[in-house]
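Chains P and R, in that order, are what the protein sequence lines are. Under our numbering, residues 1 to 325 are what the first sequence spells out, in order. Under our numbering, residues 326 to 661 are what the second sequence spells out, in order.
Some hints could be false.
Said to hold, decoys possible - List time: in silico DSS-like cross-link candidates among lysine-lysine, alpha-carbon distance up to 25 Å: (1) K426(R) to K659(R); (2) K426(R) to K159(P); (3) K253(P) to K296(P); (4) K254(P) to K296(P); (5) K195(P) to K659(R); (6) K180(P) to K159(P).
Hints in this document: simulated from the structure, not taken from any laboratory. As the structure is a computational prediction, the values presented were derived from the model and not from experiment.
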Amino acid sequence: MAEMRYREALREALREELIRDDRVFLMGEDIGAYGGSYAVTTGLLEEFGPERVRDTPIAESGIIGAGIGAAMGGMRPMVELMTINFSFLALDQIVNSAAKLYYMSHGQINVPMVVRMASGGGSQLAATHSHSLEGMYAHFPGLKVVCPSNPADAKGLLKRAFRDENTVIFIEHTSLYGIKGEVPDDPDFIIEFGKANVVREGTDVTLIGYSGSVWQASRAATMLEEQEGISAEVIDLRTLSPLDIETVIRSVKKTNRAVIVEDDWKFGGFGGELSAQIMERAFDWLDAPVARVSGKDVPLPYNRNLEFAALPSEEDVVEAVLAML
Amino acid sequence: MGAPAPTEQPLSAYQLSEQSLERMYSYMLLARRLNERMMLLNRQGTAPFVIAGAGQEAAQVGAAMALQVGVDYLAPYYRDLAMNLVFGMTAREAMLNLFAKRDDPNSHGRQMPSHWGLRERHVVTQSSVVATQLLHATGIALAAKMRQDPVVVMACCGEGSTSRGDFHEALNFAAIHHLPVIFFVENNGYAISERVEKEVPTEHVADRARGYGIEGATVDGMDAVVVYQTVRQAVDQARRGRGPFLIEAKCYRLWAHSSDDDDSRYRPREELAEWAARDPIKLFRERVQNDGIFPAEDLDRIEAQIDEEVRDAAQWAMAQPDPEPADALGFVYKES
């Protein structure tokens with residue numbers, strides 16, 4: 001075990017995978033000498049050279065499309081998009097090609113590609129730089145969607161992504177890059193997809209989050225315990241597709257209450273899907289309707305006061321829990 | 326747009342064996358006869374949708390025969406039936422594809438007709454969003470280059486596709502990284518109803534090569550031999566690490582866009598007649614006959630064989646089973 005930041009854990013995973021498998025290579029904008037927009041790939045160019053750590057033009061559709069082709073051609077590309085917001089420019093390649101080629105070719109051609117991108121608000125990057133699109137990507141059959149909330153998960157899940165035969169949308173949260181945590185050094189350390197993590201056990205209510213919102217949920221759980229004597233269980237979904245609904249249902253059957261916490265917009269968001277599945281599977285166990293604490297349905301503004309007003313906070317989570325008890 | 330003036334070169338001036346010329350003619354004719362039969366089946370109500378390549382056979386066969394089948398990769402677009410025939414597709418398979426039958430090797434009924442793809446033949450299946458396959462071809466070439474495989478990838482599209490961002494992004498990426506891709510544009514004059522002047526601001530599509538610092542060539546796409554010569558040279562250079570190339574074959578869409586289109590709304594009949602006089606298959610037959618390469622009887626024999634092959638393929642394929650409904654649920658994720 002070693003203590004490292006989220007970005008360093010990601011870098012370690014990339015390093016280890018580049019060493020483990022000759023087919024692995026990285027490409028994206030500014031990932032070489034610059035080290036990546038969020039300093040994840042720092043030092044990898046020097047260690048692995050410009051063929052395997054390849055700077056590309058600013059052309060999101062182009063990088064993803066070329067990544068798809070390279071995967072078809074037998075390589076294991078990792079494509080970094082500077083942020084998830086720019087993935088709209090590559091959406092056709094991701095959705096109509098990467099996600100569907102395996103199906104459309106009746107299993108002849110799969111696209112084993114890892115697409116890494118930074119997501120989420122809270123860093124004063126305003127409306128076109130602060131999307132949370134985890135739920136949107138989880139909507140498309142054929143894609144796997146991974147969103148780690150801490151350094152150990154970042155490493156274990158990223159290493160697992162390189163072992164997948166499908167396209168993995170690997171979503172990192174901009175406000176988590178600097179957080180520290182204990183990370184296993186074992187080069188074979190991986191975390192399987194579809195295994196949610198019970199971050200904190202509790203008996204009165206289940207708080208469900210993913211990516212950055214796990215932290216709001218955890219802070220809210222502490223506040224509930226200290227201020228109200230309420231015992232909250234916190235679940236980190238880790239991957240939205242595949243989704244570990246079993247762990248969620250088991251918890252809800254124990255606590256009889258569920259609050260979903262997410263940065264994303266509430267309307268049509270992933271929380272709605274989760275809420276529907278809880279209702280379908282655990283309706284008779286619920287003592288209150290499932291609650292959602294989400295971002296406000298507005299584009300994210302720049303000014304700090306405005307941005308905070310539009311994003312969910314731990315206070316919002318506490319309030320939602322108190323309202324259902 | 327007017328038809329280009331044909332070359333006066335005799336066929337003997339090219340280094341093509343009689344056998345190669347015979348294959349050229351056979352592939353072109355087979356593609357045309359298949360397309361004719363498909364359209365007939367559509368009008369009879371047995372095939373829901375047909376999109377054909379009539380008028381583009383010379384461009385397609387000339388280009389595909391310049392590649393090494395079994396080694397090189399093809400990222401075709403939906404008119405490239407003749408190219409797929411060169412890459413090994415049979416008449417029966419083409420008909421299975423039309424009817425979206427269970428045993429269609431391309432997609433087993435999942436894709437629309439003419440979205441061909443067969444991994445073992447190095448043919449890459451495509452999205453219906455035009456020009457996306459140019460990027461996949463670029464990536465395949467990148468993988469080949471990284472593995473030091475002497476593979477060339479041919480990426481095909483119509484001139485309408487050259488308006489899309491993916492066309493630019495593919496040429497830009499392939500040029501920057503010196504990748505062995507032949508971008509083969511079949512300029513058939515129309516993007517559905519829009520004439521080339523509304524899609525391309527330069528005189529020739531291939532003029533755009535200069536903007537990427539790569540070589541470009543515009544060829545008479547109604548002449549299979551000329552197309553073959555040009556593409557062959559580009560393929561050889563690309564294999565030696567001097568790619569990519571942009572080649573434009575000027576040809577003509579002799580039919581409507583698809584079985585759902587009525588082109589009389591937008592296309593002057595005089596223009597159609599002018600180009601129909603330069604039907605690439607008719608021209609080729611006249612040439613091989615006039616140059617004394619094949620006697621008329623040989624050509625008639627080939628034609629009779631192909632007619633029989635197409636009749637058999639249609640009848641046989643129609644009688645094959647549809648996919649089982651349960652097959653709709655498979656192959657979403659590969660086991661990993």
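To see whether the hints hold, each was checked on the structure:
A hinted pair counts as satisfied when its Cα atoms are at most 25 Å apart, and K426(R) with K659(R) qualifies at roughly 23 Å. Straight-line distance between C-alpha atoms of K426(R) and K159(P) comes to about 40 Å, which puts the hinted pair past the 25 Å bound. At most 25 Å may separate the alpha-carbon atoms for a hinted pair to count; K253(P) and K296(P) exceed this at roughly 29 Å. Taken as a hint, the K254(P) and K296(P) pair is broken in the structure, with Cα atoms around 30 Å apart against an allowance of 25 Å.
Only pairs whose Cα atoms come within 25 Å are accepted, and K195(P) paired with K659(R) is accepted, the gap being roughly 18 Å. Distance restraint check for K180(P) and K159(P): the Cα-Cα separation of roughly 19 Å lies within the 25 Å cut-off, and the hinted pair is therefore satisfied.
In this structure, the earlier hints numbered 2, 3, 4 are contradicted, and the remaining ones agree with it.
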